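Chain by chain, the residues run as shown.
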Amino acid sequence: MRHLLGIDQLSREEIEAILDRAESFAEVGRRDIKKVPTLRGRTVVSLFYEASTRTSSSFELAAKRLSADLVSIKAGGSAVDKGESLKDTVATLSAYDPSAIVIRHPYAGAAQMVAGWAEAAVINAGDGKHEHPSQALLDLFTLRRRLGSLEGKRIWIVGDVLHSRVARSNLAAFQVMGAGVTVCGPPTLIPRGIEALGCEVSHSLDGLEGADVVYALRMQKERMTESFVPSLREYAAHFQIDTRRLGPRQLLMHPGPVNRGVELSGEAVDSPQSLITEQVAAGLIVRMAILYELIAARGRPAPAEGEGAEQPTPIGQPA
Amino acid sequence: MSLAAALDMRSGEGADLILRGARALDPVAGIDGTHDVVIRAGRIAELASPGTADAADAEEVDAAGLHAFPAFFDPHVHLRTPGHEHKEDIETGTRAAAAGGYCGVLAMANTDPPVSTPADIEALREAAREQASVSVGFLATVTRGMEGEELTEMAALRDAGALGFSDDGLPLRSARVLRRALQYQHLCGGTIALHEEDPELSGAGVMHEGPVSAALGLAGIPSVSESTMIARDAALADYEDGRIHVQHLSAAESVDAVRSAKAAGVAISCEASPHHLCLTDEEVRSLDPQRFKMNPPLRSETDRQALIEGLRDGTIECIATDHAPHAAEEKEVPFEQAAMGVTGLETAFAAIHTDLVLPGVLDLDLVVERMAGGAAPFGLERPSLAPGSEANVALCDLGAQWTVGEEGYESRSDNSWCAGRELTGRVLMTVAGGQVAYRLRSFSLGVAP
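Sequence order for the protein chains is A and B.
Quick note: to get the numbering used here, add 954 to the position in the first sequence (first position is 1).
Quick note: to get the numbering used here, add 279 to the position in the second sequence (first position is 1).
Everything labelled a hint here was simulated from the structure, so no lab data went into it.
In this text, all values refer to a predicted model and were calculated from it rather than measured experimentally.
Treat each hint with caution, since some may be false.
Said to hold, decoys possible - DEER-style ranges, computed between Cβ atoms:
#, chain 1, residue 1, chain 2, residue 2, range
1, B, P306, A, E967, 50 to 60 angstroms
2, A, G1037, B, E701, 32 to 42 angstroms
3, B, G639, A, V1025, 50 to 60 angstroms
4, B, A483, A, T1197, 30 to 40 angstroms
5, B, M619, A, P1141, 26 to 36 angstroms
6, B, V640, A, R1203, 51 to 61 angstroms
7, A, E1221, B, A607, 46 to 56 angstroms
8, A, T1197, B, D535, 29 to 39 angstroms
9, B, A483, A, E1105, 35 to 45 angstroms
10, B, E701, A, P1141, 39 to 49 angstroms
What the hints assert, rightly or not - Non-contacting residues of chain A with respect to chain B, defined by C-beta distances greater than 10 angstroms in every case (computed):
#, residue
11, E977
12, S1021
13, L1040
14, Q1066
Just so it is clear, CB atoms sit at the ideal spot from N, CA and C, and this is done for glycine as well.
Excised from the complex, chain A in its bound form (with noise of 0.2 angstroms):
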C-alpha cells in the first residue's frame, strides 16, 4: 500500500494487516507513557483545507504517540488563504521531504492529485463528498471488536447518503468485508443510481429491524435551505434513530459530530447498543495503524543524515 486515497482502492487483506496493526497498538495507549519511537526523525505533514476536530486531532495525535515531527497546517491564516495553488503549496510542503501527508479536502480527488505530486505516502483524510476512509477503517475495527466477522451482517446506512464521503468508504468497506449494506434517506438525499454499488435502497425505516448494525449520519442543517428536506422536523419524524425503533440487540453507530434530537435521539446516543465513544477511540489507534503502514511497515528508510538540508525551491521559481 504506497497511499490512502480510498476504500475503493484496498483489498480486504490489506484493510485486515491495518485492523490488525492497530489492535497491537491498542496496548500502547494503555501504558504511562504512551509514545513509541516507530517513526522517530519522520516527518508527518497535516494539512486541512476544511474544519475538523476529531479526524485532524486523532491524526496529529497518532503521529506523536509514533515520535514522528509534526507540521500541521489549517485552512486559516496559511498561505492556503492567500490564493496559492493546492499545487504550490504540496511542492513548498515537499521541501521538508516528509514520510506522509494527511489531507482533508473540500474538493474530491484533491488528495489523489497530491500523490501524483509528491513523494510523500498520501492519506485521504476526507475529500469533499467522495472518501473519507480513515473513518471506515475505524468504524471496520469498532465492528470487529464486537461483532468479529462481518461476514452476512446487514447494516443499514441511514440519512443524507446525497452529501456524505462517511456513506461511500463506509458502504465500499462493510461490503469489502461481507456484510450486506442498506442505505436509506429521504429520495432527495439518495443519489441517483447508488444501486449499481451494490447496495439496497430504501425511503422509509421499515425493515430496520433486520439491521444487526444502524450507521446514522450527520444530518446538516443548511440542507433545508436547498430544499432537500423541508424540515428538521419532518426528517426527524421519518428517519431518526430512537430507542424505540432501535432495538435492543442491534448496534448504533454515528461519525460525529451528532445533531442530538435530529438524526439521533439523545437517549439512542447514550443508549448501551451506542458505540460512538468507541469509535472515537479507534479512530486514535487506527491512524496510528495507518501511519505505521504506510510509512514504517513498507521499510521506507528514514531521511540519511544531512538529506532534507536542501533549500526549498520558492514559489514561481523552476524546480
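Please build the complex by placing chain B on the supplied structure of chain A, with the hints as guidance.
Chain B only, in chain A's frame:
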C-alpha cells in the same frame, strides 16, 4: 460564395499543388477514386488519372496510399479572443484547426468582454485577416454582455459580419428573450445557436448524474437539464418560425427531442462532439479534469449510443469539437474546481477514425460528410473536392499511428481529451481557402511519413 469569401482568413497566393495518386473521397460530390488532385491558383482544377497530371510550376506531393477529403468545418470553437489570450488566440486556434484538417471554424462569443457590438465583430474580422490560417466566422451574443436580459443590436451585428448568434457557455434562461430573438431573426437573419441547459436542474453539477456520480460523490447534471430546454426552444422556434441550431448534444433524451422537432418540421439543426461520441462518464472515475471535465458532461453508454444513432440517421448533421482551451493552472486543481472544457480540433478526425470508423461503428463516408456538416446550418457552402471549387483539402494517412501530445500542440493549451492516447489516422497536410495551411513537420515534399 466560397468559405474563404464568406469568412475571414489571412490572404495569400493560391497554391499550385498536385496530390499525386491520392484516394479522393467526397461522398457529397460523388467522388471516390484514386486521382491526381490538381490544385491550381487555389482551386481544384482537375481530378486527373493517377500519374497523368502535368507538374509544371506546381509542388508535387506523393499521396499514394493517402486519403484526400474535403477539409472539415467546425461550427463550434472557442478562440478566446479578446480577453483570454493566455488560453488561445486567433493565430494559435486556427493553427490547431489546420492541424486537425479543418478549413474553417466558427468562433463563439463568450469572450471577455463578450462579442456584443458591431465594433467587436469588425475588430475580430480584421484580426482574422491578419492571423487566421483557416477561414473564421464570428458569432455575436444574443444578449448584451451575455447577461441574458436585453437583445444585442442583431441587425447591426449582421451588417458588421456576424455569422449568427449564440450565448454559448450559458443557456438563454428566459423563454421571453429567445422568443424576441427569434422574432427579430426575421429582420436580420443569422442562425441562433443554443447552449441548452436548465441551470435550475444542473445547479452546481460537475458531471453526468448517474451511478458514477453517486459513487464519486460529485454533484450530477441530469440529462433532463438539457433535453427539457431543447424541447422548450424547439417549440418556440416552431411558434415563431425561427431557425435554431442546438449545440453539443449529449443525452439520449436530447436526440429524441431534436428528432421529434425535425419530424414536426421545425427549422432545427444540431451537433455532437467527438468526446461525447467516443467517451462516457466512466472516464470521470479517474477524477482527471484535464481530459474529462466539460459542459455538457460525458454521459452514459446509452447516451453515447443514441448520439451515434442520431449521427447515422441524420438527426445530428454535424460533428463539432467545442474546442475549449484552458490554461494549466485552471485544470491542475481538484475536479470540482477545474474549468469546464477540453480542446479537440487537432484530434477530432483521428479520434473518431480510431474509436468509431476502424471498429466498424460508423462508415468513413458518413464521418467525412458530418465533419463538414456544420457549414450548411449557418448558410455556408460546404467544402468540396469537385473541380472548380475553392481548394479545401485534408490529406490524411489513415494508417499512421501517433501519440497525442507527444510533440506538443498547435493550440496554446494542452487540455486535450485525447492527451496521451495513441490514435490511428493523421492529418498530414491541410489546404484551406486555397492556401497550404498546415503540414505535419515530418511530412514534406515527396517524403512519406
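Hint-by-hint comparison with the structure:
1. Distance hint check for P306(B) and E967(A): the Cβ-Cβ separation is about 57 angstroms, which falls inside the suggested range of 50 to 60 angstroms.
2. Here the CB-CB span from G1037(A) to E701(B) is close to 38 angstroms, well matched to the stated 32 to 42 angstroms.
3. Under the hint 50 to 60 angstroms, the C-beta atoms of G639(B) and V1025(A), about 57 angstroms apart, fit the expected range.
4. Range check, A483(B) to T1197(A): Cβ separation about 38 angstroms, and the 30 to 40 angstroms hint holds.
5. A hinted range of 26 to 36 angstroms holds for the C-beta pair M619(B) and P1141(A), which are about 28 angstroms apart.
6. Range check, V640(B) to R1203(A): Cβ separation about 56 angstroms, and the 51 to 61 angstroms hint holds.
7. Between E1221(A) and A607(B) the CB atoms are about 55 angstroms apart, so this pair conforms to the stated range of 46 to 56 angstroms.
8. Evaluation of the 29 to 39 angstroms hint for T1197(A) and D535(B) yields a failure: the beta carbon distance comes to about 51 angstroms.
9. A483(B) and E1105(A) have their C-beta atoms about 39 angstroms apart, which keeps the hinted 35 to 45 angstroms range intact.
10. Separated by about 44 angstroms at the C-beta atoms, E701(B) and P1141(A) satisfy the suggested range of 39 to 49 angstroms.
11. With a closest Cβ-Cβ approach of about 30 angstroms to chain B, E977(A) is found to remain outside the 10 angstroms limit, as its non-interface label requires.
12. Its beta-carbon lying about 32 angstroms from the closest one in chain B, S1021(A) satisfies the requirement of being farther than 10 angstroms from that chain.
13. Some Cβ of chain B comes within 10 angstroms of the Cβ of L1040(A); the nearest lies about 6 angstroms off, and the non-interface call is violated.
14. With a least beta-carbon separation of about 6 angstroms from chain B, Q1066(A) fails to lie farther than 10 angstroms from that chain, contradicting its non-interface assignment.
When held up to the earlier numbered hints, the structure conflicts with 8, 13, 14 and fits the remainder.
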